[in-house]
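Let the hints inform the model, and build the full structure from the sequences given.
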Amino acid sequence: MQHFHEGISKAKQTTGREHHGIQCHIIPVIAEATGITKEFLTTIASLVDFFYHGQAPTIGEDILEKIDVSLGQFHDHKQAILDTGARRGKKGAINNWCILLLVDLYLLLRPNRRIPKLEFLQSVVPAICPNGVPLQWSADVTEHAHITLVKEPASHSNNQKYEAQICRYLDRRDKCRQFDLATAMEVAGVGFTAPELHPTPDYGTVMSIRHPLWLLPPPTSLTPSTLSQIWQVLNGPLTFVAPENSTAFHLTSKCVGLQAEIDLTATNFRLPDLRACLETYLHRGPGSQLILGGKRPALPHDILASQSIRKLEFWNNVHIQLRSFHDSNKILLLETVNASPPDATWKFGRGNTVIVNTDSASHWPESGLTGHTVCQIRIIFRVVPPRYTVPRPETKGFLAYVQHSKVVPQTNSMGGGKGMLLEPASGMYLLKRARRSDGSCQKLILSRRTPAYGP
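Counted the way our numbering counts, the sequence shown spans residues 33 to 487.
Just so you know, these hints were derived from the structure itself, not from any lab. Misleading hints may appear alongside valid ones.
In silico DSS-like cross-links for lysine-lysine, where the CA-CA straight-line distance does not exceed 27 angstroms [to be verified]: (1) Lys-183 x Lys-207; (2) Lys-428 x Lys-450; (3) Lys-98 x Lys-362; (4) Lys-362 x Lys-343; (5) Lys-438 x Lys-70; (6) Lys-428 x Lys-70; (7) Lys-379 x Lys-464; (8) Lys-464 x Lys-438; (9) Lys-98 x Lys-122; (10) Lys-123 x Lys-110; (11) Lys-362 x Lys-379; (12) Lys-379 x Lys-438; (13) Lys-183 x Lys-193; (14) Lys-70 x Lys-362; (15) Lys-183 x Lys-123; (16) Lys-286 x Lys-428; (17) Lys-110 x Lys-98; (18) Lys-98 x Lys-428.
Just so we're clear, the structure is a prediction, and the values are computed from it rather than from any experiment.
Right under this line is the structure:
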């Protein structure tokens, strides 16, 4: 869950990042709040759908129809907002919609804010047809460029003759980046001449300057084979791709917890059954089918002790890169999935939620949640093999300890009983923690061979 430590109502000078966070989380946050009726939730959910469909990178007739349906649903249920008194001004509740419009969701919950006229929403679909998708008119690109190309260089100046100093800063930064790239390629043995004149470079080399480099786009004038070599140099050995090229994972070359005892790690992360889960995973083997629920199998002996496994190395986050929902050929930017232990800021730890594939015949997002489960990642780690021994196959690679959730069945409005359907008011799946017969949460150990999508 995203945390807004100062509250939504105190947001000032909000940017697209804050709007994105509010848009993603406002429905689950208010769903169980006191005084929120089903009609109220449906009204807000219809606006969220309206915004999401309007922000699509490609819009066809089907998307335009969904935008119209979402808008109509808002008008059908908007009276619920007035009934609950959430539509407020300087003098208290306002009982009409004649002058205001819900443009940003959080404004609805903020008093003393005037919003443009309601009928402006009706012009969205007619404006898209002649002008194209609204996303192309976003100012996010220019605003971001203003930060990286103007504000940041200006902060390193002496506040005199800004233009000359900014240009000089950008020129020198570009030269430093090119120098770092050239030296990194030289260390790794990447050549630009005929391949047969150079031995195969050691791509296992991890350089300390790798992190600022991997943000660089590869030069477009190089050959495909050289680009592939550069990619491996920039990303190091801790970048790998899930089956079917659905998800790319990137871990930092240095772990946070180095040679940490298993029991001590379990205590720091407040995971009392970490040892038991790891033993169950090793007992089943990494190639076995992922089993959700059921009774934990009885183990004949202490597997960790028999294999002399006592230590782990863990990471506080992993970067995930996915394909675009609208265009599978487009690679999205990196997303950070956190899995850090409890501390002063995060009382219960910081673990993001991901969607995990449990059936190779199902594909996200075409299959929806069919063949998938929703999991919260608690720790990302790898087993440290005993010294002077060859690692066993089941201890190789990176693992994740997760807590998975179940979809609460919903009644089919068309008949046919209950099933894994969307909750009608929110238009979202309703989840609950999967628990064992003794009431404890069900936990799993996942390997990197299991595709995951998130956060």
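Hint by hint, here is what the structure shows:
1. Lys-183 x Lys-207: Since the Cα atoms of Lys-183 and Lys-207 sit roughly 20 angstroms apart, the hinted pair holds (cutoff 27 angstroms).
2. Lys-428 x Lys-450: This hinted pair is violated, its Cα atoms lying about 42 angstroms apart.
3. Lys-98 x Lys-362: Roughly 23 angstroms separates the two Cα atoms, so the pair holds.
4. Lys-362 x Lys-343: Between Lys-362 and Lys-343 the Cα gap is close to 40 angstroms, so the pair fails against 27 angstroms, i.e. violated.
5. Lys-438 x Lys-70: Given pair Lys-438, Lys-70 holds - Cα atoms ~22 angstroms apart, limit 27 angstroms.
6. Lys-428 x Lys-70: 49 angstroms, violated
7. Lys-379 x Lys-464: Judged against 27 angstroms, a Cα distance of about 21 angstroms means the pair holds.
8. Lys-464 x Lys-438: Between Lys-464 and Lys-438 the Cα gap is close to 5 angstroms, so the pair holds against 27 angstroms.
9. Lys-98 x Lys-122: Roughly 35 angstroms between the alpha carbons, so the hint for Lys-98 and Lys-122 is violated.
10. Lys-123 x Lys-110: 21 angstroms, holds
11. Lys-362 x Lys-379: At roughly 37 angstroms apart (the allowed maximum being 27 angstroms), Lys-379 and Lys-362 break the hint.
12. Lys-379 x Lys-438: Roughly 24 angstroms between the alpha carbons, so the hint for Lys-379 and Lys-438 holds.
13. Lys-183 x Lys-193: Holds, at roughly 14 angstroms.
14. Lys-70 x Lys-362: 37 angstroms, violated
15. Lys-183 x Lys-123: 41 angstroms, violated
16. Lys-286 x Lys-428: With a Cα-Cα distance of about 17 angstroms, the restraint between Lys-286 and Lys-428 holds, given a limit of 27 angstroms.
17. Lys-110 x Lys-98: 18 angstroms, holds
18. Lys-98 x Lys-428: Roughly 47 angstroms separates the two Cα atoms, so the pair is violated.
Of the numbered hints given earlier, the model fails hints 2, 4, 6, 9, 11, 14, 15 and 18; all others are met.
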